[in-house]
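Take a look at the letters that make up each chain.
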Amino acid sequence: MEPSKPKARLDAEFSDLYRAHLRDVYSYSYYRVGNHHDAEDLTEQTFLQAYRHFERAQRESDGRPLRPWLIRIAHNLAANYYRDRARRPQTPIEDASILSATHDTETLVEGRDELRRILDGVAELPDDRREALIMRFALGMDNREIARAMGRTDGATKVLLHRATKQLEEIVRKREETPR
Amino acid sequence: MTSEAADFELLLRRALAPVDPPADLSERLETTLASLTELAADELEAWELGAMRDPRNWARPAAAAVVGTTAGAALVLVRARRRNQRRSRGGFDVLALAERTVRDVAEEARRLFDDSQRPR
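As you go down the protein sequences, you meet chains S and F in turn.
For what it's worth, this note's numbering labels the leading residue of the first sequence as 1, then goes sequentially.
For what it's worth, this note's numbering labels the leading residue of the second sequence as 1, then goes sequentially.
Please keep in mind that the hints were generated in silico from the structure rather than gathered at the bench.
A quick note: this is a predicted structure, and the numbers were derived from the prediction, not measured.
Treat the hints with care, since some could be wrong.
[To be verified] Have a look at the derived ranges for each label pair, beta carbon to beta carbon:
hint, chain 1, residue 1, chain 2, residue 2, range
1, S, G140, F, P22, 40 to 46 Å
2, F, T2, S, K5, 46 to 52 Å
3, F, S3, S, A12, 45 to 51 Å
[To be verified] DMTMM-like cross-link-like pairs, simulated, lysine to aspartate or glutamate; straight-line CA separation at most 25 Å:
hint, chain 1, residue 1, chain 2, residue 2
4, S, K5, F, E4
5, S, K158, F, E4
6, S, K5, S, D41
7, S, K174, F, E9
8, S, K7, F, D7
9, S, K166, F, E9
10, S, K174, F, E30
11, S, K158, S, E145
12, S, K158, S, D113
13, S, K166, S, D142
14, S, K166, F, D7
15, S, K166, S, D127
16, S, K5, S, E55
17, S, K174, S, D120
18, S, K7, F, E30
19, S, K174, S, D127
20, S, K166, F, E27
21, S, K158, S, E55
22, S, K158, S, E177
23, S, K174, S, E124
24, S, K158, F, D7
25, S, K158, F, E30
26, S, K174, S, E114
27, S, K174, F, D7
[Said to hold, decoys possible] Chain S stretches covered by chain F per the calculated footprint, using a threshold of three residues with CB under 8 Å from any CB of chain F:
hint, stretch
28, 19 to 29
29, 46 to 59
30, 112 to 118
31, 127 to 138
All residues carry an ideal CB built from backbone N, CA and C; glycine is no exception.
Make the full structure from the sequences, and use the hints.
Shown next, in the form of structure tokens:
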């Protein structure tokens, strides 16, 4: 068994991990819960949990990146959050500040309605499909990373992403055809 | 991939743009993480076996042992602080707040202790 690392070194490595992935964890949390307040809580709890189990995760990761592990923690905490509070994820687009907070003015002018339809559609997807799309497009994770974060095989993840995109396209197309 | 599919993916990428965390979250988290590493180390250093004979000295070293290299203590403080922040929006009574804080910290410490006792 590998001997434990000195605590100071572990703390420094955790600090690097935190700096490298704070934005990823926050983005994931934000698109998952749909508001800044709960996203902050979820991000905070994710890093505290991660700190708690960091040494073991490092040992077991075998040198592989730890981002999927971090996102998996956030995923589990979000699941508990909904279970405890008997809430459903909020539709991100319900919050009027979201588009303006995450998109520049030019993008908004060009396709606000289109982006709104997509975000509404993402919120309608089943949980696993929505999560896979958030990981792919908001965090830029590849199939292997997503597979590790979701505890699936690479092949199953590829299929999941394909189906998620197809279903979303269908939802968006229907929304375009059905004026509100 | 068809150009239609590529266009849709491009739209998705724009819709799900990464979100920057608020600056105060980064500051708060860094402070919390820094204080928790110091707290755990200090508490463990202060653990003198001789003092353990007196039950009045058990609480702090026992808490530090639970914390160890975990985030337990920070979690306690963060949660208790958050509750107080939420309450203080409604009104302010220093004595009541202090009493509630003590109760909150004890409750969180109990939860973390229970959690640490569960088989993994």
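Right, here's what the structure says about each hint:
1. Separated by about 21 Å at the C-beta atoms, S/G140 and F/P22 break the suggested range of 40 to 46 Å.
2. For the pair F/T2 and S/K5, the supplied restraint of 46 to 52 Å holds, since their beta-carbon distance comes to about 49 Å.
3. For the pair F/S3 and S/A12, the beta carbons lie near 47 Å from each other, so the given range of 45 to 51 Å is met.
4. Restraint check for S/K5 and F/E4: the C-alpha separation of about 51 Å exceeds 25 Å, so the hint is violated.
5. Only pairs whose Cα atoms come within 25 Å are accepted, and S/K158 paired with F/E4 is accepted, the gap being roughly 19 Å.
6. For the hint linking S/K5 to S/D41, the alpha-carbon distance of about 30 Å lies beyond 25 Å, and the restraint is violated.
7. For a cut-off of 25 Å, the pair hint linking S/K174 to F/E9 stands: about 18 Å separates their Cα positions.
8. This hinted pair does not check out: S/K7 and F/D7 have alpha carbons roughly 48 Å apart, beyond 25 Å.
9. Annotation: proposed proximity of S/K166 to F/E9 holds, straight-line Cα distance about 11 Å (limit 25 Å).
10. A distance of roughly 45 Å separates the Cα atoms of S/K174 and F/E30; the hinted pair therefore is violated under the 25 Å criterion.
11. Taking the CA atoms of S/K158 and S/E145, the gap is about 11 Å. The hint holds against a cut of 25 Å.
12. Annotation: proposed proximity of S/K158 to S/D113 is violated, straight-line Cα distance about 29 Å (limit 25 Å).
13. The hinted pair formed by S/K166 and S/D142 meets the criterion: a straight-line CA distance of about 18 Å does not exceed 25 Å.
14. For a cut-off of 25 Å, the pair hint linking S/K166 to F/D7 stands: about 13 Å separates their Cα positions.
15. Simply put, S/K166 and S/D127 have alpha-carbon atoms about 15 Å apart, close enough for the 25 Å limit, and the pair holds.
16. Between the alpha carbons of S/K5 and S/E55 the distance comes to roughly 8 Å, so the proposed pair stays at or under 25 Å and holds.
17. For the hint linking S/K174 to S/D120, the alpha-carbon distance of about 12 Å falls within 25 Å, and the restraint holds.
18. For the hint pairing S/K7 with F/E30, the CA-to-CA distance comes to about 17 Å; that is within 25 Å, so the pair holds.
19. Straight-line distance between C-alpha atoms of S/K174 and S/D127 comes to about 20 Å, which keeps the hinted pair within the 25 Å bound.
20. Annotation: proposed proximity of S/K166 to F/E27 is violated, straight-line Cα distance about 40 Å (limit 25 Å).
21. The hinted pair formed by S/K158 and S/E55 fails the criterion: a straight-line CA distance of about 30 Å is larger than 25 Å.
22. Our distance criterion of 25 Å between C-alpha atoms is broken by S/K158 and S/E177, whose separation comes to about 29 Å.
23. For the given pair, S/K174 sits about 13 Å from S/E124 by alpha-carbon distance, which is consistent with the 25 Å threshold.
24. For the given pair, S/K158 sits about 19 Å from F/D7 by alpha-carbon distance, which is consistent with the 25 Å threshold.
25. For the hint pairing S/K158 with F/E30, the CA-to-CA distance comes to about 36 Å; that exceeds 25 Å, so the pair is violated.
26. For the given pair, S/K174 sits about 12 Å from S/E114 by alpha-carbon distance, which is consistent with the 25 Å threshold.
27. In summary, the hint linking S/K174 to F/D7 is supported, as the alpha carbons are separated by about 17 Å, within the 25 Å threshold.
28. Coverage of the stretch 19 to 29 of chain S by chain F holds. Counting CB-CB distances below 8 Å, 5 residues qualify, and the rule asks for three or more.
29. Under a criterion of three residues with beta carbons nearer than 8 Å to beta carbons of chain F, the stated coverage of the stretch 46 to 59 of chain S is upheld, 6 such residues being counted.
30. Only residues whose beta carbon comes within less than 8 Å of a beta carbon in chain F count, and the stretch 112 to 118 of chain S has 3; three or more means the coverage holds.
31. Counting residues of the stretch 127 to 138 of chain S whose beta carbon lies closer than 8 Å to any beta carbon of chain F gives 4, which meets the minimum of three for the stated coverage.
Going down the numbered hints, you'll see the structure goes against 1, 4, 6, 8, 10, 12, 20, 21, 22 and 25, while the others check out.
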